[in-house]
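Protein chains in written order, with the working numbering: chain H, 9 to 410; chain W, 77 to 179; chain R, 2 to 184.
Keep in mind the hints are simulated off the structure, nothing from the lab.
All of these numbers come straight from a predicted model, not from anything done at the bench.
A virtual CB, placed ideally from N, CA and C, is assigned to each residue, including glycine.
Watch out, some of these pointers could steer you wrong.
Residues from chain R shown here face chain H by an in silico Cβ test under 10 Å; the list is partial [said to hold, decoys possible]:
| id | residue |
| --- | --- |
| 1 | I68 |
| 2 | T127 |
| 3 | L144 |
Output of the computed footprint for chain H on chain R, the stretches with three or more beta carbons under 8 Å from beta carbons of chain H [claimed, not checked]:
| id | segment |
| --- | --- |
| 4 | 49-62 |
| 5 | 145-157 |
What follows is a set of in silico ranges between Cβ atoms, one per label pair, in the way DEER data are often shown [unchecked claim]:
| id | chain 1 | residue 1 | chain 2 | residue 2 | range |
| --- | --- | --- | --- | --- | --- |
| 6 | H | M69 | W | R167 | 50 to 58 Å |
| 7 | H | G356 | R | R139 | 19 to 27 Å |
| 8 | H | A52 | R | I93 | 49 to 57 Å |
| 9 | R | L142 | H | R68 | 54 to 62 Å |
| 10 | R | M137 | H | L382 | 26 to 34 Å |
| 11 | H | A52 | R | L16 | 33 to 41 Å |
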Amino acid sequence: MISARSADQVFVALDHWIVGHVPAPFQTLASIVIAVAMIIVVFAALFALTTVFERKGLGRMQNRYGPNRVGPWGTFQPLADAVKSLTKEDVVPHRADHVVHYLAPLVLVGVVFLSYAVLPVGRNMIAVDLDTGVLYFFAVGAATELAVFMAGWSSHNKYSLLGAMRAIAQMISYEIPLILSSVAVIMIAGTLSTVKIVEEQARYTAGIAHWNVITPWGLAGFILFMIAATAETNRSPFDLPEGESEIIAGYFIEYSGFKFALFFLAEYIEMFAVSGLAITLFLGGWSSPVSFLAWIPSWLWFFGKLLAMIFGFIWVRGTMPRLRMDQLMNFAWKFMLPMTLIVILSAGIWRFLSPAVVGPRPLGGVIRWLVCALVIFAPYILLARKLERGHSMEKRTYRFAE
Amino acid sequence: MTPLAGCLLVSSLLFSVGLAGALTRRNAILVLAGIELMLNAANLNFIAFWRFGPHPEFLTGFMFVIFSIAVAAAEAAVGLALILAIYRHARTSDVSEITEMKG
Amino acid sequence: MGMTVSFLILAILTLAGGVAAMTLRRLVHCALALAVSFAGLAALYVNLGAEFAGLAQLLVYVGAIAILIVFAILLTHSSETELQKVFSPAGIAGALLALAVFAVLAWAVVSSGAAHSAASVAAPQTSMREIGFALMQRYVLPLEVIALMLTAAMIGAVILAVRPTSGSEPAETQAPRNPELRA
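Please model the entire structure based on the sequences and the hints provided.
Encoded structure:
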């Protein structure tokens, strides 16, 4: 048991050990530097891993090999990509707004990395335990829209401006369901602190953890959160801002070389961050799902869940076709927004149907679960039927070049 | 100089900058931006008085800022919608050219 | 004290953003400078211990109002350089007036008792829990009024901004569409 705990806290102990060797006046600074460096190194490495993983996975789904030239099974592909993007010429359009064009990728990457400060990647492993953690995450994320606009506008290219406009419209529309679906969790946990939200879920009843995702509102909230997160990070099927076949590459069309690599990095880092928040809010953060697996180190749980989420993103990208702009907006405002409000309502009902109201544990719990599920499911059916009215699903013929 | 006075000086500078912008710029959007800056300067005052005032535990100034931010959001939305409507009508957003109501 | 250095840096950042927003020629630059100023103010709030207010400021001002202003600039085709000299007579008069206002305010601040009497008290420890209880108990009526007002403002803004030619279409589906190509 001692060894399991030490494996769990090995990085925390290492951090304390290093900070302990620094002279006293610089200890705060040292711990900050270590935390920042760890976040950047770990997640940049994860980014490199994910690019290979994604290209191999997509290749597998599309019956092709994917990268297989560099290193064994193409595993050194990220190194080759890094060398390529670093040595490529950095082309800046003549009419571009040079200062803004230069700043946009830096602002984007900086802002995206800032949001990792409040993600608990393991027990006692968090950069800053803010009392307002979840709010901080969304507040910092709000600045990415401005960076995207800077990139699109400064390039002085109509495709990049169109891409930026699409991206901002999409990010603003899907930010609302993203925040509202996490409101349910905040309401139940009674705190905005990410650490406390995870601790709340790391309790066990009959060997099973109190993850939010096993409650009806949690499950619905998780699904809505992930849809909104996919749109927020401009991943397929919500990749209209990039739409290669329509607007070539969207807001970063005029970027090349290392700046393009920064955009690419920011996109993936943002995906990890939002997945990390989903894990924290709904999937119990670093806790294990069942108590007899609690000996596995907490950071392994977190990164295991993160990899599973990344695989989910890749799977969705390999499966779904891209949406149209009007479909995207209608989906956000007519479906996502009402459903997140219903999820909040269901979470409120869950809160007040305590065992004192519905009776003792096994039966009362089932009643509570069913009532809350009904509160979500019935409006869902009604809403879906209403939205589907007039849209028959039979075979449609498209006429091109009209 | 105490921290409170420092905050108040910063906020009065910001207020003056916003005022100068709102008075001199001719684009309606920038006039609105100047007004937002003046509003923000007032918010900084509230936070400063809450922080250095006698009873921070009552959260009065703090809450005022929260509500003021919400009001500012509504104000900006309506203000910019008005500017858009005027632009559609008069084909300009220059406040000195919108003189239709002049007697 | 440690607070003053960071306070000074943030104050300079905020003021520089504000001055740039009010003097730059290209309107999009003005909007970006304005966003810097808003972000600096948010950091100032955090610096003063009002973490929640600072984050709300960042979320609302940088995430929403700056974006709205940028959209408005593109929709009204004002992204070209404004044809106006910075040192026009009206500009000088406005700047002088603002300077006079600042002089009066600064005189009031420096000569008032607030500048000398208020000793630097310890930062108030406000937890999110207290803020939540205050919002839901003491300030619940203002909260409801604000909610009503936001709804009214949203509907009003949609009605104002919707184009009369396509009145039946909801505003949010058409607002973001290719603004540069319109009209």
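Consistency of the hints with the structure:
1. The restraint placing I68 of chain R at the interface with chain H holds, with a minimum CB-CB distance near 6 Å, inside the 10 Å limit.
2. Among the interface hints, the one on T127 of chain R holds; its C-beta lies about 9 Å from the nearest C-beta in chain H, closer than the 10 Å criterion.
3. Taking 10 Å as the C-beta contact cut-off toward chain H, the hint placing L144 of chain R at the interface is violated, the least distance being around 15 Å.
4. Only when three residues or more bring their CB closer than 8 Å to a CB of chain H does the claim for the segment 49-62 of chain R stand; here the count is 6, and the claim holds.
5. For the segment 145-157 of chain R, the assignment as covered by chain H is violated, since 0 residues bring a beta-carbon within under 8 Å of that chain's beta-carbons and 3 are needed.
6. Checking the proposed 50 to 58 Å range against M69 of chain H and R167 of chain W shows it holds: the Cβ atoms sit about 52 Å from each other.
7. Checking the proposed 19 to 27 Å range against G356 of chain H and R139 of chain R shows it holds: the Cβ atoms sit about 22 Å from each other.
8. For the pair A52 of chain H and I93 of chain R, the beta carbons lie near 52 Å from each other, so the given range of 49 to 57 Å is met.
9. A C-beta distance of roughly 59 Å is found between L142 of chain R and R68 of chain H, which places it inside the suggested range of 54 to 62 Å.
10. Under the hint 26 to 34 Å, the C-beta atoms of M137 of chain R and L382 of chain H, about 28 Å apart, fit the expected range.
11. Remark: the range hint 33 to 41 Å for A52 of chain H to L16 of chain R is upheld by a beta-carbon distance near 35 Å.
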